[in-house]
Every structure is written in C-alpha cells, then in structure tokens.
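A.B. asks: Here is how the chains run, residue by residue.
Protein chains: 4
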Amino acid sequence: MRHDLNMTAGDELHEECGVFGMYDFDHGDVASTIYYGLFALQHRGQESCGIAVSDTAGPKGKVNAYKGMGLCNEVFTPEILEGLHGNIGVGHVRYSTAGSSTRENAQPLVLNYIKGTLALAHNGNLVNAPDLRRELEYSGAIFQTTIDSEVIAYHIARERVKTSSVEEAVAGAMKKIVGAYSLVVMSPRKMIGARDPFGFKPLCIGKRDNAYILVSESCALDTIGAEFVRDVKPGEIVTITKDGIASDTRLCFQDRSREARCVFEYIYFARPDSVFDGVSVYQARILAGRALAVDSPVEADLVVGVPESGNGAALGYSMESQIPYGTAFVKNSYVGRTFIKPKQSSRESAVRIKLNVLKEAVAGKRVIMIDDSIVRGTTSALIVGILREAGAKEVHVRISAPPFLHPCYFGTDIPSEDQLIAHGRTVQEICDMIGADSLSFLRQERLTEMAQGLPICTACFSGEYPIQPPEEDIRGEYAQ
Amino acid sequence: MRHDLNMTAGDELHEECGVFGMYDFDHGDVASTIYYGLFALQHRGQESCGIAVSDTAGPKGKVNAYKGMGLCNEVFTPEILEGLHGNIGVGHVRYSTAGSSTRENAQPLVLNYIKGTLALAHNGNLVNAPDLRRELEYSGAIFQTTIDSEVIAYHIARERVKTSSVEEAVAGAMKKIVGAYSLVVMSPRKMIGARDPFGFKPLCIGKRDNAYILVSESCALDTIGAEFVRDVKPGEIVTITKDGIASDTRLCFQDRSREARCVFEYIYFARPDSVFDGVSVYQARILAGRALAVDSPVEADLVVGVPESGNGAALGYSMESQIPYGTAFVKNSYVGRTFIKPKQSSRESAVRIKLNVLKEAVAGKRVIMIDDSIVRGTTSALIVGILREAGAKEVHVRISAPPFLHPCYFGTDIPSEDQLIAHGRTVQEICDMIGADSLSFLRQERLTEMAQGLPICTACFSGEYPIQPPEEDIRGEYAQ
Amino acid sequence: MRHDLNMTAGDELHEECGVFGMYDFDHGDVASTIYYGLFALQHRGQESCGIAVSDTAGPKGKVNAYKGMGLCNEVFTPEILEGLHGNIGVGHVRYSTAGSSTRENAQPLVLNYIKGTLALAHNGNLVNAPDLRRELEYSGAIFQTTIDSEVIAYHIARERVKTSSVEEAVAGAMKKIVGAYSLVVMSPRKMIGARDPFGFKPLCIGKRDNAYILVSESCALDTIGAEFVRDVKPGEIVTITKDGIASDTRLCFQDRSREARCVFEYIYFARPDSVFDGVSVYQARILAGRALAVDSPVEADLVVGVPESGNGAALGYSMESQIPYGTAFVKNSYVGRTFIKPKQSSRESAVRIKLNVLKEAVAGKRVIMIDDSIVRGTTSALIVGILREAGAKEVHVRISAPPFLHPCYFGTDIPSEDQLIAHGRTVQEICDMIGADSLSFLRQERLTEMAQGLPICTACFSGEYPIQPPEEDIRGEYAQ
Amino acid sequence: MRHDLNMTAGDELHEECGVFGMYDFDHGDVASTIYYGLFALQHRGQESCGIAVSDTAGPKGKVNAYKGMGLCNEVFTPEILEGLHGNIGVGHVRYSTAGSSTRENAQPLVLNYIKGTLALAHNGNLVNAPDLRRELEYSGAIFQTTIDSEVIAYHIARERVKTSSVEEAVAGAMKKIVGAYSLVVMSPRKMIGARDPFGFKPLCIGKRDNAYILVSESCALDTIGAEFVRDVKPGEIVTITKDGIASDTRLCFQDRSREARCVFEYIYFARPDSVFDGVSVYQARILAGRALAVDSPVEADLVVGVPESGNGAALGYSMESQIPYGTAFVKNSYVGRTFIKPKQSSRESAVRIKLNVLKEAVAGKRVIMIDDSIVRGTTSALIVGILREAGAKEVHVRISAPPFLHPCYFGTDIPSEDQLIAHGRTVQEICDMIGADSLSFLRQERLTEMAQGLPICTACFSGEYPIQPPEEDIRGEYAQ
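Residue numbers (UniProt numbering), protein chains in the order written: chain Y, 1 to 480; chain R, 1 to 480; chain V, 1 to 480; chain G, 1 to 480.
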C-alpha cells in the first residue's frame, strides 16, 4: 500500500504504529488472528512487530511474547505462532526514526508490576514524555527502552497502587500523559482500549463470534472476517471483560470541537478501505480530488494518480472534471524493505527501479498527475521527469493536501522545516523546481469538508497546534 | 505486479522464467545492474534466482556465480553482489513445479566443457527433452539437475567439439532441441542470445553506453536506464562480441506464419510496460477490454479490474463502453511468498487477507469485473462473493481471454484438464458456479487482433498445437 | 572445556554467568577485546551473551549494546563488533534455567536512570530478590525481565537519588541485596566492580597498557594478554576512573571467616588455568586427587579422568598413588549446543556420540576412573558401562567432591533433592547403581585443604548455609 | 578433535574427507544414523557436508539429498533429517582448498545416468584427474563441479553402458582413475565400497542389526553402536545387496608390498579410537612416543603433549622414559570455525585465545613438549614461547613424525615446499627458529614400526612416491 513501495510521500513520511488487541471468550488461541490483523496494518509500520498473548484461564501473569525487527512475515514463522498460546493478546507494528530502531524498542511492552503482568501497545507520541521521564527518574525509575510506552506503563503501574482496578489506573495515567495516543492494554483478565481526548489516532472495536477486537484501522476487521462495532471515542476508555464492554467517558472533552483527528490519516496514512469516526478514507480522497478539480481546473487528456495513495484523489478529480482517468505507472511491488538501493554513482535510480511509465498511455497527452503530498520535492521532480521522457506533452501536478510547513509533535515523522520544499517558497517556485507545467495544492478550507466536518488537526499545514508544542524538540531519540 | 500478490490467474498460473544477460565493453562490473534487471523480471519467477559473471579480460573460464532459493532481495546481499566481479554476466529468475524446486535446479547453469566455461540461462520448455536425455545417457552422460538447460548445455558442448565457434555449436544444438526456449549463453568472450523458431518466449536486445543487454522483457531496459534496440527474431541467434552484434537467421522459418508467440504473455504474464515484437502489452490489454465491451456489452455503473493484471482490460472496457472505470479492491502488497497461509479451518481466508473491497465504491452499484482468466474458478467465486457482500447490486464478469481447455507443453504451468473449470462446462454453468450475474470470455478471433496480427500460439484455448505434443506427459519432474 | 561438551557434571550442573568489564583510558575500542574475554568465560554460560559499550569522551549516556541467544561466535559477527564503538564496556555470558531463557533476560542490562545510563552485568543469585521485587512493585516499579540484575539496578537507581556518586549508590544497594553476586557496573565515566561480602563468586582486576579489566576468571586475562592485578575482595567495591582504582571495603566482613567462596568453582566450574583469591584451580584439583589417593586407595593399573574436568584430579591421584595416568576417552568436541540429540528410541546414545573409549588403553586393565561429581548417576553408569565393554577388568570410581545432598540458593543449578542419587542412599548403594567395583567420594574435611584454608561454602554437601535460605524456593522463574 | 581447534598441525594441515554409507535391509530410515556417523568423522572435514538417501523399495532413482557449507550441526536440523526418508544412504564431510570451497562442490554427488540414479562420496585425490577431464570434455562432457568425484562418476556412467552391473562399471572406472580414493557409491538397490589398490585412504565395513555400514574410520562404528566387520582391502570392491557382501579383489596388487597407506592417518588425521587395517591409531602414537624416547632422550621433569593430537605420543614418551606425564595446556573448545580471528594489529593472538598454559604445572620445570608435526614453524614458536613465559626452565620439543619435505598428491593439503620450515634447514636451525632447547624428529625408519609393518606411503617425508607424481601441479583448483 505504501511506504517502502510508494513513490510519493511514503518515501518521506512515516506513520508510526498500528495496534491490534483481541480477547476470545471462547478460549481459542488468538495469535494467528492477530498475525493476520497486523498484516492489514503493516502499512502503519514496517520496522518491527510483536505479539504478546496470555491465557485468561491460566496462571495470572503468564505472558508469551515474541517481537522482532522486520515485517510480520519475516518475524513470524508457523512454529512461533503455534507456540503463542492464549485467548487474549495484543499485537503491534512499528516504524521509528533511525536512532531508536532497536529490538528493545519493539512493542508490545510486556512487564511485571504490582498486579501481575501487563502488555501494552500504543500508537502516537506524547508531548510531555521527556518531562514525565525525568520526573520518574527522580523517584528512582529505570528505563530500558526509549519508547513512550514505557512512560505510560510506569504511570499505570504507579496509579495501580492507589486504585481499585487496572482501568482506573489507566484513567489515572491518562490524566498525566499529554499528546497523541491510542492504547491497547492487556492485563491478566481484561483488555482495555483508550484514545487520547483529542482523538489524534484512530482506534475501533470489532467483534467476531464471541471475541472482541481493538484495532487501529477498520480494514483489519474485514481481513479477519470480523464486524465493525464502533469507534472508541476520543478520550474514552473501554474495558473488555467477560461481562462485556464497559465505557468510561469522563476524560472526553465536553466541547467536542476541541477534538483534533490527524487529517493525514485520511490523506495518506490509512488504507482506503478503512473508515474512521464514520468517515471513509476512500470517500475523503475522492472528495479531495473533486475539490482539486473545482478549485484548480486545467485542460488535459488524462488524470493519473501516483501509486498507490494518489489514485483515490485522481479518480475524484476525473469524476468531477470528466477528464478520463487512466494508469500511467507500473510499480514494482517486489521492491521491499530489504531491497539494495543503487549507489549514488550508479546508472540506475531507485525511482526507475520502483516505477516505470506506460509510454503508450501518456505519450502525446496532457497529463494531470495527482499525488498526496510533496515533502522534499526530489521524488516529485523525478516522476514529472519520467512522464515527460515518456512523451507526456504537459504535466500538471495536483496535490491532495496543502503544503507542509510545520513540524508534527504527535507521531508523524515530518522532516525539519528547512528540508520541506514548501518552507519559504511560493507555489510557483515549487512548480518550477519539480518541473511541472502547473501545480496546485488542496486549499486548507477543503480539509474540513474532506473529514465531513469532524474536528481535525491541521497543525502541519496551518501551524495551529491543538496542544501547546513542547519547548525542546522532542522528536528524535524518544520518538516512539 | 503479480503471482504471489495477485488474486487472479497468478494464484493458479505460473510463468516459468526470466533471463537477463549483459556484456559491458567498458569493463564495468555488471552484477548489480543484472540484479536490478532481475527485479524487473521478478514477476516471471519467484522461486529461485541467480547471477553468473565473468571478466572477459581475465583468465578464460573463471566464472563467479551465486544462486539461491527465493526472491532477488532475499538471495542477494550487498556483500554478495560486490563479490561478483566481471563485465559479462547472465542472470535468471525461475519458477518451477513443486517436485523439482531445489537449489540444484536454480539457474544460470555454470559448467566447464571443452572450450572453457559456459553459463546458460533459459526460459521455456523443450518438448523432446526426455528423449534427448535418454539419448545422452546412452552415450555416458550424467545429469545433476532436472532442468532442460542441462540438456541444451550438453548439446552445445557436443556440437562444440565439431564446430569452429560457440555460436555454431548453439546453432547445432538448436537443430536438435524442439520446443519453447529463449536462451542467453555466456562464454568467456561472447554473449549469445537465441530464440526458438516459433518465438514462443520473448527476448530482446538493449544497449546502455557501451554495454549490450539480452533480456526477456523490455520493461527491464527502462528499469536500468537502457534503450531498446530490437527484438531477437524467432529462430535467430545473435552473437555479441567486441565487434558488435552478429545475427544468424538460418534457423528462422521461411514461412513467418508458422511462428507462434505465447499469447498469454500479452494477456497475463508480461508486465504492461513491456513491448514484444512491436506490440505493447498495455495496448494489447486495452484492446482486449475494448473487444469485450463490443462483444459482451452489459448495462452497469462501474467497471473494475481484479488487480493487477485485470486493470488494463478494465480500462479498455470502460473506454469503449463509456461506463466509468473505478477501483473496487485494495490489495495487501505485504502478502508475499513467505506469508503464512491460514489453515483450512481458520476463520480467515487467504483471499480476504490479500484483497479487500472498497464498500463505498461498489455499494448499490452494478459492477463489471474484469479478470484475465478463470482457471479453477474458486478464486473468482470468492471475489464475486466479497463484491456482493460489499453491496454490489449486480456483478458481471468479463474475462480478457478465452476459456482454458488444453494443457501447455511450452512452459506455462496450466493444471490438468479435470481441474480446469471450463473443461466440459458451458459458459452459463461456469457463470452459475462463480455466482456472477453474467459471464463472458474473450472470443478466440479477438486474440489475433490483440496481438496486432502477429502469429500466436493459442493452443491452451484452441488445442491447435504449433508442435506435435509429446506422447507422454512431460510436464512435471523435468519441467524447467 | 565443559558443559555442553562434558560427559560429567556438565551435563547436569550449570554455572550461571561470567562477566567482563574493560575501561581503556587511551580511548581504544574495547568491544573486540571483550569478545575474546567472553570466549575465555564461555564455559560459565552458553545460553546468551552480550556486550554494551560507551565512549567516555562522547555524550553521556550514549550506550551501544548487542545481545543475543547463543555462543559468542554465534551472536557476534565482525560487522556487529565493529559497530560497537566505545572505550568502556561490559560483557556477559549467561546460562539460565529453562523458564526464563529469553532474549529479554540476556545481559548486560542497559538502562536510563536519573544520572544517565547504566550497564550492569552480574553473576550470582540473590536470596531476597523476590521480597525486593515485591517491595519495589508496591512503590510502582515495573519489571521487564526476570533477572536479579533488574532488582539490583532499581536499588542503585533509587540510592543514586540520595547519594553523591554512583559508587555510593552501589554501596547503598549492596546493603539491601542479600546473596551471591559479583557485579560490574558501567556508568558514563566510571567502571565499578563489587563482590558480595561472602565472596561466593569470583571477580578479579587486570590491566593491559592503560586499560583496566574486571573479570570473573583470571584465565581471561591470559587470553587477552593482560596482567593479573589482584582479586576484588569479598564485600569490596572498586571504582575505576581516570584517576585510578578506588577501593571501598566498608562492607567487608570484619570477621573474614564468615566469607564463603563457592567451593564448586574449584571443583568444577572454573577453568583449571584460573586462580581465585590466590588458589590455583589446577592445584586444587591435583590436591583433591591426591587426597582421594590417600583416603581411598585401591590397587589398579591405570588412573583416568572423565574429560575434561576429571583430568586434574586423575593426575593428582596418579602422582600420589604412583599408578600410571592415562587417557581412556576420546571426546567429540564438535558436539555442541545445537547438536540434535538422538531420540529415546534410537540405537545411538548421546553418551556414545560424545565419548568413545580407547579400547587399547583400558582392555584387560583395572581402571580408576576419576570424576568431579555424581548428580543423577545415569551418566556415570553409562560411562562405567562403556569402560567395561571396552574390556576394563575392574572399574573403581573416585569422585573429587563429597556427595550432593542439598539445594544451592546462590547460583548453582543443582536439581531438587529427589533427583540427587546421593539423597537417601549409602555410598555402597550408589556404587551398585552405577555398576562400579568400588566408589569413594572426597571427604568433606578435604575441601578446606583443597581451598588452602580459604573460607568456603559447602552447603550443597553439608547443608550448612552461610546465609539463611529463603522460605519459598526461589530457584526457577527468577533465577538469573 | 582437531583442525580448527587444534594448535598444532591442524592449523596448517588438512585431511580432505570422510565418507559414511549405510544400507538397512529392515527398511528403517538411515539419515539420522548417517548424521551421527558424520559427527564422528567431522575432524576429517569441516567445510561442507551432505547426506543423500533413497528407498530401495521405492521408485528407482528417487533420491533425497541435502548438502550445505559448514559443520553437521550447522547444516542439518531435525526437520531436514526427518525429511530424508530412505533405507540406503551415503554421507560426506569435506574440507577443500580455498579456491573451490563452494556449495556446488559439496558431496555426495547425486546424478541421473543411464541406469537411474547414483550418489557418490569419496575421499582422496586422483593423480590423473586433469587428463581424464580433458579426455571427457573432448567427447562432449560438461562439468558442473571441480571435484574428482565428477570424473569418477562419468567413468562409472560410461562403463555402465558397456557392463552388466554397477559394480562392474565401478571396476571399469577404477582401471582408468589413478590416485588415492576410498569410495562409497549408492545405486538404487546396491551400496558399493571401493578402495584404491594402494590403500591410501581407509575404508571399513560395519554392521548393526540388519544394516551394513561403509565408513572411513572405525570410531564412527562405536558412535552408532555398530560392530566392526573388517576393512575393505586396498584395491577391493565390495558390493552390498540383500544377498550380502560380495567382494571383487581382481584389482588388488598381487604384490602387497606395493600398497601405500597414508602414514599421516596414524600420525595425525585419524581419531585415536580408530583402527585401520588392524593397527590402532592410539597404539601407533604410543609407539611413536616410545621411539622418540629411545632415540632422542633428554633429562626433564615433565612430558606434555600439544592438544589433542600430541597427547598420545607424549604418553608413550612418558611410559618409555619414566618421566612424569602431565597436562600443560588448556584448550578453549568454543573457538570454532566461525570464530572471529583477531586482526594482525590487535593485542590478542589466535594462539593465546585457543590455548593457555597451566603455570602451576610447568613453572620451574624442564618440559618435554610433544607435537605431531611442524609445518611452517610459526605456531610451534608461539607455543614454546608461552611455555617459557609460564616459567618452564627448559623446553625440549619432540615431533612424532619426520620433517615434511615434499608435496602430497594424494589428498593431504601440505603447503608448497618454500613454506615448509624443514625445507633447506637443519634440525638445529629449526630448533633455533622455534626457540626450543632441543628438537628431535621421529626417524623415518620408525614409521614402519609405528604401522606395525603395513606398507605405507611416506612420500611427504622421503620423496619416494608410490605413483609417479603428475607433471603439472594438480593441487588447487581441482583438488577435491
């Protein structure tokens, strides 16, 4: 779907995690279903993955876990999956910035604490993690990873001493941690899901037979043949036990307009077959394409998307403009994570190896090329170039998002401002740099339409942060 | 692009090889370029791959080779590629039937013979290989593999004793071997390419700076930034030396109409960005789609392709019918060769894990679903089913090839007749079995149009074999 | 030297760790020297190993670590070692009981705490670890491993808040932890070594050029070409900084006779070329053999040791008795950790595969066979059997240790009492069970002689524990 | 036992193969027994190994084989062994010179020929292999490996066309191949063993229940619990079928004194627990030590062997001289094939890492150090040096073989003459170079005594070759 295979933003932007929890009341093993679920979330993180399971009928605190660097099908073998017995479990796929890409940081985090064992998987970035770390260290805490999950785990553990249940401890912890997080916590007899009050990251509930699922994206429910129950609300804590699902909404904002879903989930991160808080990712992209066609029309013969994430908006543009939609590119889907990149000096380029143009489709045509973002601009320039080489008469670039101008503190790995092509440049200057005949970005106002009115976070485009950003740059070492 | 990732024929049909030879007169190392070239051919064989190189300025017969089971990026590491010094080389990707899937059978075949060393890569299946093997054995030959390449190698070696050059020996061997083959032979100072007189399998010539390339598909030339020179003609032997390209066409058919290109290269095997003998694969598929629209029209709201190989014909159908083209499926591109298949009993199905439907795109619509073939029919039935589940009102299936009815002896791994859904069934019966509202196949007459008049082999559809098929079934153990 | 390759106690008894720290004031990289040092300690632990390094001139708290399951030469590659830059480092080899044999538990433990980073390697078992864990959990601690090292690390971290230096924090922690431990702690600018007041486990100081070493056994100093400086005293904390070695002996026993070195280090665990607290392991074994010859003489033609650890005592027995020493066994040194054990039903036995008898050496002879221990007795019976098969006329077994009768709580993995052959049996009964003509054990009084008067722990033989054993059996899950 | 782990000749000399064939008439699977047998032969070759099996009740010519680079326990897993079904099989361990150390060259060689399938394992070096290769190539043969086995296989295949049985074909082939070979050939229903007329390499027959074994060394029979039947005679062909063992001695020398067993098998290559042609390797070494004591006496306090292969002769020297035998060295048995060698510049030396001296054993003593050979002399110098460092007052070196002066063409990888320390130097000069107080070699006359009168090859010492050596140096590329 993206990232390593993607020629567009995926080369330059990274989502940071996907979580998948499952609790089977019929006591079937959940590990292999979690494995298939993580497959459906693989686009959210390709660096490491892990599964931790437990048996709710077994001895309290006996957890079986396996984590490793790489994709799901590299880390897990049939033997490993078969060894992971248990009817409750949590899985995780992870991407991280280079510095902290180690096995120690792979999730789920499994730990012993006062009440037995806890496994924890989360997606997002805390804004106050460094402060919380320092505070914990002053009270004698030791940290064996550099992931936020460990900070969250400590808070749950400390709250647990004072509270009557693990879900209360999670609530207590949530009062202290600030930032973006969707969380799945497995305790010996309960599975808890929580989403930060802003709702930055998605999390939803599914059901299959007598089992409940908590998962980052609804597409994974289709994959495993489960039905979608509902989204976890921003600020909500759901506790899944034998007795059903309990909901704690005390931490939800009274004023729902303070919520701030990451709009980039709709634009790029999520799979098009996912639906978040009632809004289809596919529809959002079609809408963005339609909006671009209305706002930035141009006469042309063909609309094409840069695969894969540009295709949805391209289809929308074509629908609105009545200019035929077509396929211009062939992507080599064998070019994966472990692909040997050509050296600078070599005649081959990574772009050419991953992407080829269908000359017959574009030769002699005026082409509208839709992409979801321009980050540094180098890839866009290369793609415009190979379209022209293949005989395209004109290349008009339309981007289904506004220009990136500001850092994200909530989990998206956007490069620093000086590396962003849009930083300090006009649209025309960018257009010249990438060699296009014309260039337009989606207007910011259109983002809200795209999300069908849901309150969203547009900080990376607008600079308007829903939470005060930290004074020191917390991205990097401690980014999870 | 296909095969392991593909929900359609790729699950059931397999191409059997791709070859890539390169000779750099400027004495640069060719191994890493061959590696990138094999990437572009990976869809032709995912089971094993290998590269053999030599230095034309070095000691005669010193060949460095590395072969292994798996994809290019699994078999080759930077260290291995850097260790493969030489300015002439040949690479191979291979698929084989289960029985003979061993490292011994990986290509290229490297051997010492009377005139030093030979490395040989080939694509295709000989019809008379078992006879030739037996004959050779009677004269004291030993066989260490079960691939046809070893039979070809023996004939070249034996001819070489009687002839003045390796290209003459190749010509001599070609007089004895019968069947489908595209061949690249590396001798210490020459690179030779040959194609059987029927031209079953493609082979073309490329050039980059001062280096020549022989490759199965032209798309690999784009990948490495080389230009297309021309196709090797059916029956032609080209000999590449310092002095340029020599051509020997003595074995070409006088009567060109006897040529018999495998039409399935256009329908399914090849990448759409390849061009064979002047016909673009992309164009051929568009034409097939247009023909289907003309021959088998139906009222509908949406035309969709089963990814990836159905997309071209879907676009053609949409162009001709004016029914909007759209995307109905999201394919999980992380599901690769080493993916753990769900057990029969599990709730997850391989189809659901690989393919999801965009409900928003198809719900309430009459959908025309284009695929390139129906082999056993099970996958088609599953896909029709998930479209209906997602709310499609009608599902009309159009297949961009005629029904499979006969075995192939020339390198395509078609299952035996009793497993072919079309064997002994009417189209309506098949339509019922896969649960579609209507079903049409491409008419056989359309195939020639698709290939723009080139003589083609349609034996698997028509039963008209360009060569008398062998009496015993040679598919299986000795299939290469 | 032993363990997996050893036919005697090594099959049944296991040491639990070896540590190696190094600090080079000349700023050379220490990782590869630590690697060679761990090789020399490999007999102390074959299950996992790890190295953590830091640069004392670099940013505080930047630690590079690599840990893995397996032997040193399985875990480390040249690439990995070259990537471990730093002039201060600590390494560890580990054996553990089955339950907690996971990568998470591999050492050194690397962690962030209030004062930056700490890497910690230790050898031994705490008696009060479970109590300390529970206490820490009540104050909100989380545990990610089941090793005692994490308990020690927490105490150091908590003490560090109250104290002025890391060595004071170690001293503070040592007041709380009770049991057997030899410890190497690496902080950003210091390397600290500590040994519990009983001195159960060895630890010594070495020097090479301008670098200091802390290591479990002196043999590793020979291996890396370093000189032996002195042993760390029981109860002593040594702090190595640029300014040299500081010693803190406040925790040493006033009454040195309370010290309790593990006598099994001399009998079996340690390499014969090591010297602990002034006593040579080789000499101790020679003495044990001599004592056996004096206490339990028998007429015979040949004295042989069960390789490798029985050889020293066999030589001593021969010296004292003047009965010729010889070699009776050929050990297959290729039978390592990953060797596939024969199935119960197969005709091959693990003993025969590892050990063969030199028929020519023993046929027709009365043989005295010296071994270091009998645990379950099964291996001894097999070895006596193959000696007889090879033609030995008589087999007299002499054991260079008293019979095992009691559990060890300080780090030696002795099976539970009901599995010990000596439990509830007379020497004559054991003799009959293993099929020997006569059997004698070393007398307990001889142990002190063997250790040349050093205060030793003989609890596993005598039941006299230097520390009150815990009420619950702490061996198992939390054993480190 | 040796080679990678050995500090003596093993660092510099290499045996080149071990073979193990088994045929179970009770139709039990033989693969795992072959595996254990190869373990016992591992000292004969650590570079690659392989097993090929077949079912004599199954379809003719169905062979299952697995080969790989590395030690037996690295190449084979339980899964692989379990997959190798068949009641007849042949295994091989191999060492080779650097140039041809590839997987292609691993044995057994498995091939199809006129009569079905053949698996072939052999030990030794043909003197006329290059000539035979050339001859075969002129008749159109192709070679896929550089091992002599392929030449032998061709001859068997060609003879088979003309003869009535595979054993006749082997006999026919043996008339053409000249040199050293012990051969095991598996055909669909027969197992054939053959030994060249000179008997350079050992081969013996064993039996277990209803199964026959053909193996390089008798020690492997002990390992698998089989009994020794007899040696295959030099020049004999034994054919094992359901009907028992048939013997063909037509190719044996009439004049038995022409036989030429490799004396180095007794001195160094073989395991001491093996017996060849009635002579015990252990006894031969004891005899060599005794002879040294008689011929080259010296006053001293201690006799020690350089482990492992020097120990036997050291024991013999001690017996004869009445000077006490002792242990001076501790060898690190964890230092295996994949051990990372210290760089030239590093402070650690490979010798120190592998070998340490027991200071307590040698300090202040006059030591006689027995080794089996001196090749280049560098290792000997290092070992003498560390003995002196450890306080030995005198070091007298006695070598249980004469000095190496000539190349071996029959399978022992002796370096070229200019690298042999004995080439062009007097014993006193060598003594000075290695820093010993005195040095003596075994006298050539003693070799025959050592072999108890058996005709032996002493060409590497005497230059008297039993076969005319080839004119061109055939060692290297084609050495097997």
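I should point out that these hints are in silico values taken from the structure, not numbers from a laboratory.
Values in this document were obtained by computation on a predicted structure and should not be read as measured data.
Certain hints may be false.
The list treats identical chains as one, so a pair stands whether inside a single copy or across any two.
[Said to hold, decoys possible] Derived DSS-like pairs (lysine-lysine); straight-line CA-CA distance at most 30 angstroms:
1) K331 with K162
2) K393 with K207
3) K162 with K341
4) K242 with K359
5) K62 with K359
6) K176 with K233
7) K359 with K190
8) K62 with K331
9) K62 with K207
10) K393 with K359
11) K331 with K190
12) K331 with K233
13) K62 with K341
14) K162 with K115
15) K190 with K115
16) K176 with K162
A.B. asks: If a hint holds in the structure, say so; if it doesn't, say that too.
C.D. replies: Okay, the hints, checked on the actual structure:
Within a single copy, K331 and K162 get their C-alpha atoms no closer than 55 angstroms, and across copies no closer than 48 angstroms, so neither meets the 30 angstroms cut-off. Taking CA atoms no more than 30 angstroms apart as the test, K393 paired with K207 passes between copies only; the shortest distance there is 26 angstroms, against 52 angstroms inside one copy. Taking the shortest alpha-carbon separations for K162 and K341, neither the intra-copy value of 53 angstroms nor the inter-copy value of 46 angstroms comes in at or below 30 angstroms. Taking the shortest Cα distances, K242 and K359 never come within 30 angstroms of each other, neither inside one copy (59 angstroms) nor across copies (32 angstroms).
Proximity of K62 and K359 under a CA criterion of 30 angstroms is satisfied in neither setting, with 59 angstroms inside one chain copy and 41 angstroms between copies. Proximity of K176 and K233 under a CA criterion of 30 angstroms is satisfied intra-copy only: 19 angstroms inside one chain copy versus 47 angstroms between copies. Within a single copy, K359 and K190 get their C-alpha atoms no closer than 57 angstroms, and across copies no closer than 33 angstroms, so neither meets the 30 angstroms cut-off. Taking the shortest Cα distances, K62 and K331 never come within 30 angstroms of each other, neither inside one copy (45 angstroms) nor across copies (37 angstroms).
Taking identical chains as interchangeable, the C-alpha atoms of K62 and K207 lie at most 30 angstroms apart only when both belong to the same chain, with a minimum of 25 angstroms there against 45 angstroms between chains. Taking the shortest Cα distances, K393 and K359 sit within 30 angstroms of each other inside one copy (12 angstroms), while across copies they are farther apart (36 angstroms). Proximity of K331 and K190 under a CA criterion of 30 angstroms is satisfied in neither setting, with 44 angstroms inside one chain copy and 34 angstroms between copies. In the homo-oligomer, the alpha carbons of K331 and K233 lie at most 30 angstroms apart only across protomers (29 angstroms), although the nearest pairing inside one protomer, at 37 angstroms, exceeds that limit.
Taking the closest pair of Cα atoms, K62 and K341 come within 30 angstroms of each other only across two copies (28 angstroms); inside a single copy the shortest separation is 43 angstroms, beyond that limit. With identical chains, the CA atoms of K162 and K115 are at most 30 angstroms apart both within one copy (12 angstroms) and between copies (28 angstroms). Taking the shortest alpha-carbon separations for K190 and K115, only the intra-copy value of 12 angstroms comes in at or below 30 angstroms, while the best inter-copy value is 36 angstroms. Proximity of K176 and K162 under a CA criterion of 30 angstroms is satisfied in both settings, with 15 angstroms inside one chain copy and 25 angstroms between copies.
The structure fails hints 1, 3, 4, 5, 7, 8, 11 (numbered hints given earlier, in ascending order).
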